[in-house]
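Same order as they appear, the protein sequences are chains D and V. The numbers in my numbering rise by one with no breaks, and the one at position 3 of the first sequence is 3. Each number in my numbering comes from the position in the second sequence (counting from 1) with 1000 added on.
If you are wondering where the hints come from, they were derived from the structure by calculation, not from laboratory data. This structure is a prediction, so every number in the text was calculated from the model and none was measured. We treat Cβ as the ideally placed atom computed from N, Cα and C, and that holds for glycine. One thing to keep in mind: the hints can contain errors.
As the list claims (entries may be wrong) - Simulated crosslink set (SDA-like; lysine to any residue; CA at most 25 Å straight-line): (1) V:Lys-1117 x V:Thr-1010; (2) V:Lys-1239 x D:Glu-120; (3) V:Lys-1289 x D:Pro-95; (4) D:Lys-118 x V:Ile-1240; (5) V:Lys-1289 x V:His-1301; (6) D:Lys-127 x V:Ser-1180; (7) V:Lys-1117 x V:Lys-1210; (8) D:Lys-118 x V:Phe-1157; (9) V:Lys-1289 x D:Gly-144; (10) D:Lys-223 x D:Thr-242; (11) V:Lys-1239 x D:Leu-145; (12) V:Lys-1159 x D:Leu-145; (13) D:Lys-31 x D:Ser-46.
What the hints assert, rightly or not - To be clear about the criterion: a stretch of chain V counts as covered by chain D if any three or more of its residues have a C-beta under 8 Å from a C-beta of chain D, and this derived list gives those stretches: (14) 1159-1167; (15) 1177-1191.
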Amino acid sequence: MLRLENVTKTFNIGSASAKKALDDISLHVRKGDFVTIIGSNGAGKSTLFGAICGDFFTDCGSIFLDGEDITMLEEYRRAHNIGRLFQDPMRGTAPGMTIEENLALAAGRGGWLSTVTKAEKAAFREKLSLLGMGLEDMMEQQVGLLSGGQRQALTLLMATFNPPKILLLDEHTAALDPATADTVIKITNDMVTENSLTCLMVTHNMQSALEMGNRTIMMDRGKIIFDTCGEERSHLTVSDLTERFSDIAGRALATDRMLLGL
Amino acid sequence: MSPILSLIQTALELGLISSLTVLALFLSYSMLNICDLSTDGCFTLGACVGSVVALSGHPLLAVPAAMLAGMLSGLTTAVLQTRMGIDSLLSGIIVNTGLYSVNIAIMGGSSILNLNKAATVFTLSKEMLSDTPLKGAHRLLVIILAVSFVVIFLSLFLKTRFGLALRATGNNPDMVRSSSINTVMIITVGLCISNSFTALSGALLAAMQKSANIDIGSGMLTVALASLLIGRAFMGRGKIPLRAIGAVMGAFVFRLVYTIALRFNMPTFMLKLVSSVIVIFAIFIPYMKSRVPIHRRKAQHASGKGEEGHA
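The whole structure should be built from the sequences, with the hints applied where relevant.
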């Protein structure tokens, strides 16, 4: 489904602050895979998503999505096939517009001059009620009035309304309180299963990195240093992971956030 | 007609004509979140093109011609900021400056055009309504027609998928950029439409006062912005059609207040200063309100210093 071949990206080339954020990355994600990604700050996890989405063009290498070469495709041209969530719940929705208008934009059926039909409204209601947050009764409310958790759940719904070929989740629960984060994680699982989505999820929570999905990769300094799935992965514990990291990277995986599983 | 009524009618006519520019800003400033500094020049452009076409004997054609010219001006502003890496505000200023020469060129090298003998949409409506009870309102009817057209157009347009995408582009560009919507196209179409309304506004004003001059649009942006912000006070967070009507009301109220001020011997040249002050306060007051809790906290902190340790 998604294939990266020898992708490299250096920011600020030629200056003292030049930083190789992606270093010859190759990755093949099969259809239906749910890959969790871990790594310390600055490992290149978000840059990886940026490269897939087209925030910037990579320096070399190729990116294929469902067989199509998207390496040099403009961001908005590939966005149709990619769903993406950020850590910041404010980023994925338009606060000054109503829930219904946000969904209508995400649903994006019909031509530019089409308006929301009754049938679409009913579909929005139904999908919103599945979130279990009571949003279906607030469709005329402005999104800016919602809580972070509600906004993130809505963003998730918008990103998967027309199931994308791949869903990228960039620590999408990190800014939420623990209880809300659990709810959003549950919704995420439901949506991915229901639509049998191919999904990549960056997380700082090592526990959920092992519990969710069917494959885990670990990144460090722009490289994928560890990639596990199947039998081997099912026996791994959080402490195994941290040990593995220090073995391969030659230093301790030192972020409190990761160890505490926050 | 009594002098008061005719005064109100004139205020209504002028207010509604400028409301077209206010509606243009409603689209570009309130919805798209772009402050289009080419507004003054575009208003004059509409006046010039409309007058030249009317003088050549096509009073009806003058209106769409002016709007088309406005669209071209909007297209230029949009291309500068989306395709040529020029800052949005700077693009407007550059186009505005360029339009000064363009406008004089359109008027054939002169800085003023006289429409006294030319047929305009208003002389046409006067002829048509000369035998009806509506003859006193022949100008007002044409203007109301134009304003209704724009309000209805905006209400319908902003509900479409394109309209939603346009509002989202102004509201959360991050979100739109990571969706499959091309913001360049949205901004371009948005500015073309808004500038066509600005030019329409200028064309109608020139036709009504039977002359166009190079300064007809100067200060229009601030006047329209003031009206827009007054309108927001009426219909702040309502639905789009209501907010559009609020913008029109704002334009009328601004005109009315100005007319009353003139009756109390405020000199005409004060208009621009008044509009500047209105814009300053309309933007400053909400800002000040948002700062109140901080100042309160500071005061509380300063007075509570002696009791530290109790909390």
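Status of the hints after comparison with the structure:
1. Restraint check for Lys-1117 (chain V) and Thr-1010 (chain V): satisfied, since their Cα atoms lie roughly 22 Å apart, inside the 25 Å limit.
2. The straight-line distance between the Cα atoms of Lys-1239 (chain V) and Glu-120 (chain D) is roughly 20 Å, inside the 25 Å bound, and the hint therefore holds.
3. Of the supplied pair hints, the one linking Lys-1289 (chain V) and Pro-95 (chain D) holds, its CA atoms being roughly 21 Å apart against a limit of 25 Å.
4. Proposed proximity of Lys-118 (chain D) and Ile-1240 (chain V) is supported: the alpha carbons are some 19 Å apart, at most 25 Å.
5. A threshold of 25 Å between alpha carbons decides the hint, and for Lys-1289 (chain V) with His-1301 (chain V) the separation of about 19 Å falls inside it, so the pair holds.
6. With a CA separation close to 21 Å, the supplied pair Lys-127 (chain D) and Ser-1180 (chain V) stays within the 25 Å bound.
7. A threshold of 25 Å between alpha carbons decides the hint, and for Lys-1117 (chain V) with Lys-1210 (chain V) the separation of about 9 Å falls inside it, so the pair holds.
8. Proposed proximity of Lys-118 (chain D) and Phe-1157 (chain V) is supported: the alpha carbons are some 18 Å apart, at most 25 Å.
9. Simply put, Lys-1289 (chain V) and Gly-144 (chain D) have alpha-carbon atoms about 19 Å apart, close enough for the 25 Å limit, and the pair holds.
10. A distance of roughly 17 Å separates the Cα atoms of Lys-223 (chain D) and Thr-242 (chain D); the hinted pair therefore holds under the 25 Å criterion.
11. A distance of roughly 16 Å separates the Cα atoms of Lys-1239 (chain V) and Leu-145 (chain D); the hinted pair therefore holds under the 25 Å criterion.
12. Restraint check for Lys-1159 (chain V) and Leu-145 (chain D): satisfied, since their Cα atoms lie roughly 21 Å apart, inside the 25 Å limit.
13. The suggested pairing of Lys-31 (chain D) with Ser-46 (chain D) holds, with an alpha-carbon distance near 21 Å, which does not exceed 25 Å.
14. Beta-carbon proximity to chain D at under 8 Å applies to 7 residues in the segment 1159-1167 of chain V; the threshold of 3 is reached and the given coverage holds.
15. Only residues whose beta carbon comes within less than 8 Å of a beta carbon in chain D count, and the segment 1177-1191 of chain V has 7; three or more means the coverage holds.
Violation of the numbered hints given earlier is absent; every hint is satisfied by the structure.
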